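Enquirer: Going down the list, the sequences are from chains A and B.
Counted the way my numbering counts, the first sequence spans residues 1 to 261.
Counted the way my numbering counts, the second sequence spans residues 1001 to 1290.
Treat each hint with caution, since some may be false.
Quick list of in silico lysine-lysine cross-link-like pairs, DSS-like style, CA-CA up to 25 Å [what the hints assert, rightly or not]:
1) A/23 with A/93
2) B/1118 with A/98
3) B/1118 with A/93
4) A/98 with A/23
Source of the hints: derived by calculation from the structure; they are not laboratory data.
Only a predicted model underlies this, so the values are computations on that prediction, with no experimental measurement involved.
Residue-level listing of the chains:
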Amino acid sequence: MSLRALSSGNVRAVLERGFTVIKNQNWMILVSGFFEPVFYLVAMGVGMGGLVGQVEGPGGQPTTYAAYIAPALLATSAMNGAIYDSTWNVFFKLRFAKLYQAMLQTSLGPLDVALGEILMALFRGFIYALGFLGVLAVMGLVTSWWALAMVPVAVLVAFGFAALGMGITSYMTSFQQMDLINFALLPMFLFSATLYPISVYPDPIQWVVMAMPLWHAVELMRQLSVGYLTGMTLVHVGYFLVMTAAGLWLTTVRLRRLFLR
Amino acid sequence: MTDRTREGVDAHALASSGSAPSHTVMAARARALGVWYYAETVLRGMRAYFWPIMLYAAGQPVLYMVAMGIGLGTLVDSGAGSVGGVDYLTFVAPALLVSTVVMSVSGEMTYPVMSGFKWQRLYYGPAASALEPGQIALGHLVAVVIRFVVQSLIFWAVMLVFGATTAPWWQSWLVVPVGVLTATAFGAPLQAYASTLTDEGFQFSFIQRFVVMPMFLFAGTFFPLSAMPTYLHWIGWVSPVWHGTELARLASYGAPLSPTMLAVHLGFLVLCTVAGLLLAVRSYTRRLHS
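Working from the sequences, and respecting the hints, build out all of it.
Expert: As structure tokens, then:
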């Protein structure tokens, strides 16, 4: 199947619609999502920090607990923002609003729709990352210029989750199935070395954790936050590049199968 | 379609047989037992989500105990040593029970309440019968409470398995009623508020983000209030979660609690529940009988 059959190159139309919706309806919800990681950072960083004391950061240097969890919360918020936009939002548009059906009646192709929706999720991830980095800077938790790279990396992380999330959502037909997403996200958040090092687990569990995308995002952010880069940095980035490509492929194929029969 | 219900009772035959109670008798029964009738309806509705609810009820405590109690506990125990004189798992477990039940009640008393008035209009049928709006409000809450009794019992069992309580079982089981009472102390006022809304906007998302989430994080669940700066302590004082957590800690590992504070915590939770119920009954009555 040629690219021309999948896309008319008019992603802009999908984006324009997305921004209009934000402007008219849900900008307050979008903005309020920014506070969630900040609350986590303040509560865990300040409250728990007093109980935990210093922890071992990337490269073995001791860091405060707040500085340790901050990059992990940024990664989590990039994931959550992208997942919300690309799952519940997409599910509603797909099954109830029949929005994509309408879009595909026009000259738009499935790749346009997929890319447009995913770019909207990235926009959200970008805004949250920018705001969160600002909060970190104000709290004095930024110690390296590499931390600036956390913003584009947050967008990459969001890209991976959004692309895959939308592909998976295309298989869902009921709200109960959508609940499976929450069942997958909670353990991933709790176990991906977000709030404590992965070393507390026995080896086999560590391997499971290392297979999950959020762990790679957390490690990547943590390395960038202090500017400690190793060969693993490339592995983490590579993981998300592959995840993004696979997700885009899946989403496009699924939308084509659902609508262009 | 015939008039046969799922249980195979032919309503027509029963009515013309003369052995069915008269309308007056049935209406009197509904008036007397309306709360339970409505609770039954809601519980039957929950059957559709039985397995997800059970998976959630059993999976969530296990996940939180492993991640927070054991994972985070490793850090705390090697850092501060102990919290409030016990290891971290013991400290955090009863608080997690209270918090997770409150998080669940915030799901049950927002969109489903709005749905009862607006989308599915489930409340209007019963309101046209002998049932009073107040009984409908109370019945909905009772059904939810029954769910939380089960959920709290499962959580308590998980605590026992993880060895997260140090008190004997005939004391630590009290975390179950404490969890349920905390759920009503937050759920009843929330139900009252949700029943006043006619249009869904960002209200429920805001409650989730600016009330439920901060309560989970700042009301003494993961660390004692005293670990925070003093100007943040008020978040605990006004949160049902903190009052419930303090009681649950007393039950679970005998955390020190003066009789005065015991009365304050219990009083706060009961007061919230009763006030919430009165407001909910008033609001349901206003909306269903207008």
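Enquirer: Does each hint fit the structure? Answer for all of them.
Expert: Comparing the hints with the structure gives:
1. Restraint check: the Cα-Cα separation between residue 23 of chain A and residue 93 of chain A comes to about 18 Å, which is no more than 25 Å; the hinted pair holds.
2. For the hint pairing residue 1118 of chain B with residue 98 of chain A, the CA-to-CA distance comes to about 22 Å; that is within 25 Å, so the pair holds.
3. Pair hint residue 1118 of chain B plus residue 93 of chain A holds up; C-alpha atoms about 21 Å apart against a cutoff of 25 Å.
4. A distance of roughly 21 Å separates the Cα atoms of residue 98 of chain A and residue 23 of chain A; the hinted pair therefore holds under the 25 Å criterion.
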